[in-house]
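**Student:** Following the hints, position chains B and C against chain A.
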Amino acid sequence: MSSFSVTEPSIQQKWIAGTLVIGYALITLLPLVWILATGFKSSPDSIAYPPKVTFQPSLEGYVNLFTTQMRQTPQYLAEHPPGTWYEEIVHNKGMVIAGPSRFGERFMNSVIIGFGSTFLSVFLGTLAAYAFSRYRIPLKDDLLFFILSTRMMPPIAVAIPIFLMFRSLGLSDTHLGMILLYTAVNLSLSVWLLKGFIDEIPREYEEAALIDGYTRFQAFYKVVLPQAATGIASTAIFCLIFSWNEYAFAVLLTSGTAQTAPPFIPTIIGVGGQDWPAVAAGATLFLVPVMVFTILLRKHLLRGITFGAVRK
Amino acid sequence: MSETVMDRVAKATPTRVARRIKGLSDRAIAWIFVAPTIFLLLAVNIFPLIWTIRLSFTNFKANRPNLDVKWIGLRNYERILTDSDIWITMQATAHFVFWTLFFEVLLGFALAWLINRKFRGNDLWTTIIVLPMMLSPAVVGNFWTFLYQPQIGLFNYAISFVTGIDPTSFSMIGDVALAPWSIVIVDTWMWTPFVMLICLAGLRSIPDTIYEAAECDRASAWRQFWTITVPMVLPFLMLAVLFRGIENFKMFDLVVQLTGGGPGSTTELTSINLKREAFEKWRTGYSSAYAIILFVTVFGLASIYVKALNKVKER
Amino acid sequence: MKTHHLWAATALTAATGLAATGARADDLTLCWAAWDPANALIELSKDFEQKTGNTMSFEFVPWPNFADRMLNELNSGGQLCDLMIGDSQWIGLGAEAGHYIKLNDFFEANGITMDDFIPATVTGYAEWPKGTPNYWALPAFGDVVGWTYRKDWFERPELQAEFKEKYGRDLTAPETLDELMEVAKFFQNREIDGKTVYGAAIYTERGSEGITMGVTNALYNYGFEYSNPEKPYDLEGFVNSPEAAKGLEFYKELYDCCTPPGSSDWYMSEDIDAYKSGQVALQMNFAFIWPGVNADPNVGGDKSGYFANPAGPNGHFAQLGGQGISVVSYTDSPEAALDYIKWFAQPEIQKKWWELGGYSALNAVVEDPGFATSQPYAQTFLDSMAIVKDFWAEPSYASLLLAMQDRVHKYVIAGEGTAQGALDGLVEDWNEVFEDEGKI
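Residue numbers (my numbering), protein chains in the order written: chain A, 14 to 325; chain B, 245 to 559; chain C, 74 to 513.
Some hints could be false.
[What the hints assert, rightly or not] Straight line, CA to CA, 25 Å or less: simulated DSS-like cross-link-like pairs of lysine-lysine:
{"#": "1", "chain 1": "C", "residue 1": "K224", "chain 2": "C", "residue 2": "K268"}
{"#": "2", "chain 1": "C", "residue 1": "K304", "chain 2": "C", "residue 2": "K203"}
{"#": "3", "chain 1": "C", "residue 1": "K325", "chain 2": "C", "residue 2": "K304"}
{"#": "4", "chain 1": "A", "residue 1": "K106", "chain 2": "C", "residue 2": "K224"}
{"#": "5", "chain 1": "A", "residue 1": "K153", "chain 2": "B", "residue 2": "K551"}
{"#": "6", "chain 1": "B", "residue 1": "K362", "chain 2": "A", "residue 2": "K312"}
{"#": "7", "chain 1": "A", "residue 1": "K106", "chain 2": "C", "residue 2": "K319"}
{"#": "8", "chain 1": "B", "residue 1": "K555", "chain 2": "A", "residue 2": "K153"}
{"#": "9", "chain 1": "A", "residue 1": "K27", "chain 2": "B", "residue 2": "K362"}
{"#": "10", "chain 1": "C", "residue 1": "K462", "chain 2": "C", "residue 2": "K325"}
{"#": "11", "chain 1": "C", "residue 1": "K304", "chain 2": "C", "residue 2": "K268"}
[To be verified] Residues from chain B shown here face chain C by an in silico Cβ test under 7 Å; the list is partial:
{"#": "12", "residue": "N307"}
{"#": "13", "residue": "R308"}
{"#": "14", "residue": "P394"}
{"#": "15", "residue": "T412"}
{"#": "16", "residue": "S415"}
{"#": "17", "residue": "G418"}
{"#": "18", "residue": "V420"}
{"#": "19", "residue": "G506"}
{"#": "20", "residue": "P507"}
{"#": "21", "residue": "K551"}
[As the list claims (entries may be wrong)] A few chain C positions that, by computed beta-carbon distances, are all more than 10 Å from chain A:
{"#": "22", "residue": "L153"}
{"#": "23", "residue": "W226"}
{"#": "24", "residue": "F311"}
{"#": "25", "residue": "E326"}
{"#": "26", "residue": "D329"}
{"#": "27", "residue": "G378"}
{"#": "28", "residue": "E505"}
Everything labelled a hint here was simulated from the structure, so no lab data went into it. Remember, it's a predicted structure, so these values are computed and weren't measured experimentally. Just so you know, even glycine gets a beta-carbon here, dropped at the ideal spot from N, CA and C.
Extracted from the complex, chain A is given alone in its bound form (with noise of 0.2 Å):
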């Protein structure tokens, strides 16, 4: 882009434009700053009206996700005083902690099948995007076009068939089913975006070392693999967002062993009443992650969208 065209927006332009712009984003913000702030609120202070924007932080929402707990007698509680600042909390509102709660295995569920699935449709769609790249494969366009068409289907309407193969197969509710059925899912944007990119990588370069006596697939793996591999990531980082936000499989899947944290976290419930807090703790602990990789990588992961978008 030549900075220095006619075309370059004038001075008054650009802070139009950038009030504006910026004006929006603080808009879009606010709901997500509000999630990171009502994690750090008392119950009576996230339900205050009007909403309160000054409070004194408190850790109860973050305790309250990790625990569970129960009510106690005055005269228990007096027996059995607070050992640790996470118990002190919990007893000042009449309660014990009962044991630890099931964020952290759902968590982890989310972390196995996000990145368990992401390796394997990275690995897959290399493969196949080299090979629909390079050679010559019958009806390549209709393949190309029938792995695209899968993604069409609304989650729910395949959900039914896979609900019963599951069920047959013994996949129900394992870490395994959910791995395959997330690759699956992701395989056709991942053949797709990265068949983009190696198509940019010049073949002259495969070419060379076959002539200096690679095999092809030794060509592939040590000519090819490293230049697609910024590609390479960051169709990984679009493989693992899906899996890691995807609910509708997830929710009607699996139950306990292997539910990842989107189904989880909306049924956070305290005693009595939805515990806000907690549940803002667990979007926040969730949200976060996906927040700092999408700012920290933003070049390759905004190319990547409007790539995949627009190459088909």
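**Tutor:** Frame of chain A, contents of chains B and C only:
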């Protein structure tokens, strides 16, 4: 056009090379590379699709394995297409898809155009605007129910702050008239950035030389906008509409968390309706037929749209 | 149905070999809803762990997702739960689809008899088909819809005087539905201690079962019947009788006139919140919340009173809640799971269960002379349990329930159509379900 020297080399050399170096043949490598993907997609997409078609002609109920399964022909399809409740659901979906597209295109294009004024720090602010679309719709949707609460919710309070309306006097997700808009607002908040990014790519693809030429012809800024900017960005915009259209037709997670389809069935989108039929009422055969109808609808609409898109591109 | 025989046999061997408890330590998972009683059950179960050496894990799901998640788990043949405290209406499905183990042989071998439990709970939680001695669960938690009211507000002299002047009677706990409406209207939008308060928090939730569990309390008492008492599955004129339509209109009027703004999708936890935060004078809710209300620092003790669902013009009933405990047939440790039920059925454990806040359904506990006065809500619980009526417990209960949720929510909350139209539509929906099932 892409059939270049390179292609000819690729066609000629590798086979010879491959034969010389006793490795796998190209053909074998190609198939080994593609096979796992095709296999997985067949297993998780095509096989289930065929199964769904089969089930759609039966009265099968997945929660009652001991009942006899009867072949009932087209009865399920007949029932769905004559059921007035399904049409109400379709209307709710159409309302949702239309208005989200409307606002997202409007805001997305405006933002992209503003960002393309290249003010300082525009890429950082772009990233911040993009944040909502990266997040889990279910988790965020759930939290929005809190923001929408009368009295204690931030949204109602903000509206009352701006307009002076009493924040307890309206309930976004509880009111029949407001609920359809409550889901449009959240979806617009989440997905405007997507449209924006694609528009931005479109704007940046316009070579400066075109504007320079227009400048020489003394075309006004207004004229430049309508004769250069809009037509050049249109294919991109139409793509964005295609993607958002398909996604919102399938919409489930965000809305199920926000309103669950209520009040009454004012926000019961097709996916939510289908989920109730398939996984709460367990009418597996019936909902299989429903799924097929939806699939055909999306596929049909998308194909017509893609044809239109190609025409625009050709111009 | 082969598996049933197999499990029945296992149940028998398990029962006879019960003496050898602790021979093999199992890890049992018990599935239930996430609510106060569940936490009490964790506490209670420590005794079982100590005595048998088995360890207990718990999977508790919040009410709005409970049926959805747990039925999904059962229908997918999952092995997550060994023991299930499933909702009363699931019993038909649990029995007919083979999710639950039949317990008759086990009961017999261990001297457990259903005569020892409150009859309404045996019918409601354990039997399928209803009215036959086939047991698929042991009554675990008796529950019923009742009402909580702000006794401290009712006792204010100025309010009493104003109420008396307006309605010509004392401001006391209502005994009929009309009186309930008057009280609710009286409190709606009233300033109390500088805060605007509202009449009643009632069930309006749409996604799972909320509004049905609420509206039935009005329908039953106006004369709604599930079907012709003479002829099963004959709905026309019983479900949609003009009296039933009046009942539905009553509920809509109550919603329109006397509930807090924004309460269009409320169930147990939202009602509790509204009540505990001092927003409402009356609260409809299941009895399970009463121990929590009684212990609450803001509204507990003398500030709250309890009354059974008031009578209507054509009857006096209350919606049954509560659950029985069943052994899931996909479990790997049926013996240990049955051990748990055997342990749970013991009178001293049931007594302790009541003390911890669990509503025991054992006659020996509730008929104890000290029971009625043991807690301020104990008598109301007994009164309510005497008038219970339950929703369909058919294997297709979910379809029946969702149809009712849709029809009722559309009329009461969204204000579409008429009460008669809603119930006519309901008859249509239900007939379709029963036709599909081959029942009519």
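**Student:** Hints first: check each against the structure and report whether it holds.
**Tutor:** Evaluation of the provided hints:
no.: 1; hint: C:K224 with C:K268; verdict: holds, 17 Å
no.: 2; hint: C:K304 with C:K203; verdict: holds, 15 Å
no.: 3; hint: C:K325 with C:K304; verdict: violated, 30 Å
no.: 4; hint: A:K106 with C:K224; verdict: holds, 24 Å
no.: 5; hint: A:K153 with B:K551; verdict: holds, 21 Å
no.: 6; hint: B:K362 with A:K312; verdict: holds, 16 Å
no.: 7; hint: A:K106 with C:K319; verdict: violated, 44 Å
no.: 8; hint: B:K555 with A:K153; verdict: holds, 24 Å
no.: 9; hint: A:K27 with B:K362; verdict: holds, 7 Å
no.: 10; hint: C:K462 with C:K325; verdict: holds, 21 Å
no.: 11; hint: C:K304 with C:K268; verdict: violated, 53 Å
no.: 12; hint: N307; verdict: holds, 4 Å
no.: 13; hint: R308; verdict: holds, 6 Å
no.: 14; hint: P394; verdict: holds, 4 Å
no.: 15; hint: T412; verdict: holds, 5 Å
no.: 16; hint: S415; verdict: holds, 4 Å
no.: 17; hint: G418; verdict: holds, 3 Å
no.: 18; hint: V420; verdict: holds, 5 Å
no.: 19; hint: G506; verdict: holds, 4 Å
no.: 20; hint: P507; verdict: holds, 5 Å
no.: 21; hint: K551; verdict: violated, 38 Å
no.: 22; hint: L153; verdict: violated, 4 Å
no.: 23; hint: W226; verdict: holds, 20 Å
no.: 24; hint: F311; verdict: holds, 35 Å
no.: 25; hint: E326; verdict: holds, 27 Å
no.: 26; hint: D329; verdict: holds, 24 Å
no.: 27; hint: G378; verdict: holds, 19 Å
no.: 28; hint: E505; verdict: holds, 20 Å
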